[in-house]
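Letter by letter, the chains look like this.
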Amino acid sequence: MLSYAIRRLLIAIPTLLIVITVAFFMMRIAPGGPFDQERVLPPEIEKNIKAAYDLDKPLPEQYVIYLGKILRGDFGPSIKIRDFTVAELIMAGAPASMQLGLSAIILALVFGVGFGTYAALRQNSAVDFIVMGIAMIGIAVPNFVMAPLLSLVFGLYLSLLPTAGWGDGELKYKILPIIALALPQIAYIARLTRGSMVEVLHSNYIRTARAKGLREKIVVTRHAIRGALLPVVSYLGPATAAVMTGSVVIESIFGAPGIGTYFIKAALNRDYPLVMGVVIVYAVMIILLNFLVDMVYGLLDPKLKSR
Amino acid sequence: MLEAAGTPQEIEGRSLWRDARIRLFRNKAAVGSMIILGIITLMAIFAPMLSPFEYDQIDWGYIQEGPNWENGHIFGTDGNGRDLFIRILYGARVSLAVGLLATSVSLVIGVTYGAVAGYFGGKIDTIMMRFVDVLYSLPFMFFVIMLMVVFGRNIFLIFIALGAVEWLTMARIVRGQTLSIRRREFIEAAHATGVSNFKIIFRHVIPNVLGPVIVYMTLTIPQVILTESFLSFLGLGVQEPLTSWGVLISEGAKVIEASTWMLIYPATFLALTLFCFNFIGDGLRDALDPKDR
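Protein chains in written order, with this note's numbering: chain E, 1 to 307; chain Y, 308 to 600.
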């Protein structure tokens, strides 16, 4: 288990390097630069500004300099948002993004597994069909449709919650964005759980557990759920990635001050350091969560334990 | 493969595919979905004949007016006075085309890659699949967004970018399937008679792993359509005056308080399409799954 963990952590290094390299060169070979849109600067001034951001050096050299800075934890200054470093901007946006993302994932897990198990235990009953039908709608209605609808119904028609905004970060401003982020994942996890739960409930070890006279409740909570959760756990990696990308849209629809809103603006403005910073932060979070997921998977799956 | 051909009545062995077809057509949700998707596709193809309006024609008398059967704008008009119904149908063209083409790209890359890795096995397999593992943990959507921002909104770029993202799972599925059949007798026989590796992969391996591939393909199409809408919603998809469902939804979302129809109609078409593809995918999986035969 330990050597497996170390091996998985070592893979993270080349992965991160690929992310940085691809993102770096993709931004740089693009037509246009960060100083294009403004009025034409005198050549000397433009030269000085470019020198300040190392943009006057050849690309490979810029890349090496950038890698060196990243290793020292220096993301550099933002080009477009003056007087702020990328690190400061990310620190300012991180709390909102993290709160939304983590709450959505937890919500998705609790309700997804709950509904899925409930439906599986009543396979082919009316409840099963209703739950799975709703889950299908959750998958087919994307979150960028769900978000404005939620805000219309709960914000405008029912006036229960604010339609958008963040206030001072009170809970009522967070409810709708979290739900919008979580719904598709709840639906997906419910379907996954139901599928694997139905399969597990037909397997031999469950028959054995029942045969030795265990109560149904114990059979489900102690024995079945463990096997049924495996596909859900391995889906958590992609789910995190989906929630993070989703938050780019959800944050801008609800006007939440997160990292996601920076990303598109920065890419459109060619704010190289900010784009790189956001991509790296997201990549690290996804890699970290994938690692955690693999570890949990190893603990849950008896076949992997011996490795 | 799936159309019901006139089959002779004499007794014959039922092939896997015929068996699957029969089971698929017994699945009401899947059949209903196929019919609805067929209608949407036909409407997209014959869009210009279905409406008296052009998709970029501005009707100055009816700017952002609700649905009205009397003036012909049955789904209402948008903020520029363009007919929403015809714009949704043109959006369907883009969304369906992106779905099919990007999925084909992912199919070609994924199936070839997976079959090669699985067939050769050993070190080649380890290296190839480790590469897939690494790619899997990349924040791909961010790269796609960057790609669109950086190289402008080019519809062909969307196909390729989305196809390039979606092939990973396909490769894993095909590789797993290939591993399980590569030691089978018919492969060995082909090998023994001197058929080249290349030919074995394309003539013998791939046709035998098509079942799961088709199922996954049907599930990839809605995924791709959804991603395209997502990009369009962010303003990174197709360009005006052309449109797609994502563009229409994002326009509708901006004016949702005043003009609900501008969100509801395109969103309904998108959701309905995704719904249908998912049902067909599920139906195919059940039909092709040898376990409950």
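Read the hints as simulated data drawn from the structure, not as lab findings. Please note that the accuracy of each hint is not assured.
Covered by chain Y, per the in silico footprint, the following chain E stretches (three or more residues, Cβ under 8 Å) [said to hold, decoys possible]:
1) 17 to 26
2) 135 to 149
3) 239 to 245
4) 258 to 267
5) 273 to 282
Under the rule of at most 25 Å between Cα atoms (straight-line distance), these lysine-lysine pairs were calculated in the BS3-like manner [to be verified]:
6) E:Lys69 <-> E:Lys265
7) E:Lys174 <-> E:Lys265
8) E:Lys80 <-> E:Lys69
9) Y:Lys561 <-> E:Lys265
10) E:Lys174 <-> Y:Lys506
11) E:Lys57 <-> E:Lys80
12) E:Lys172 <-> Y:Lys430
13) E:Lys265 <-> E:Lys80
14) Y:Lys506 <-> Y:Lys430
Just so you know, these numbers come straight off a predicted model, no measurement behind them. Virtual Cβ for every residue (Gly too), placed ideally from N, Cα, C.
Evaluated hints:
no.	hint	verdict
1	17 to 26	holds (count 5)
2	135 to 149	holds (count 11)
3	239 to 245	holds (count 3)
4	258 to 267	holds (count 3)
5	273 to 282	holds (count 4)
6	E:Lys69 <-> E:Lys265	holds (23 Å)
7	E:Lys174 <-> E:Lys265	holds (23 Å)
8	E:Lys80 <-> E:Lys69	holds (19 Å)
9	Y:Lys561 <-> E:Lys265	holds (18 Å)
10	E:Lys174 <-> Y:Lys506	violated (57 Å)
11	E:Lys57 <-> E:Lys80	holds (20 Å)
12	E:Lys172 <-> Y:Lys430	violated (54 Å)
13	E:Lys265 <-> E:Lys80	holds (10 Å)
14	Y:Lys506 <-> Y:Lys430	holds (21 Å)
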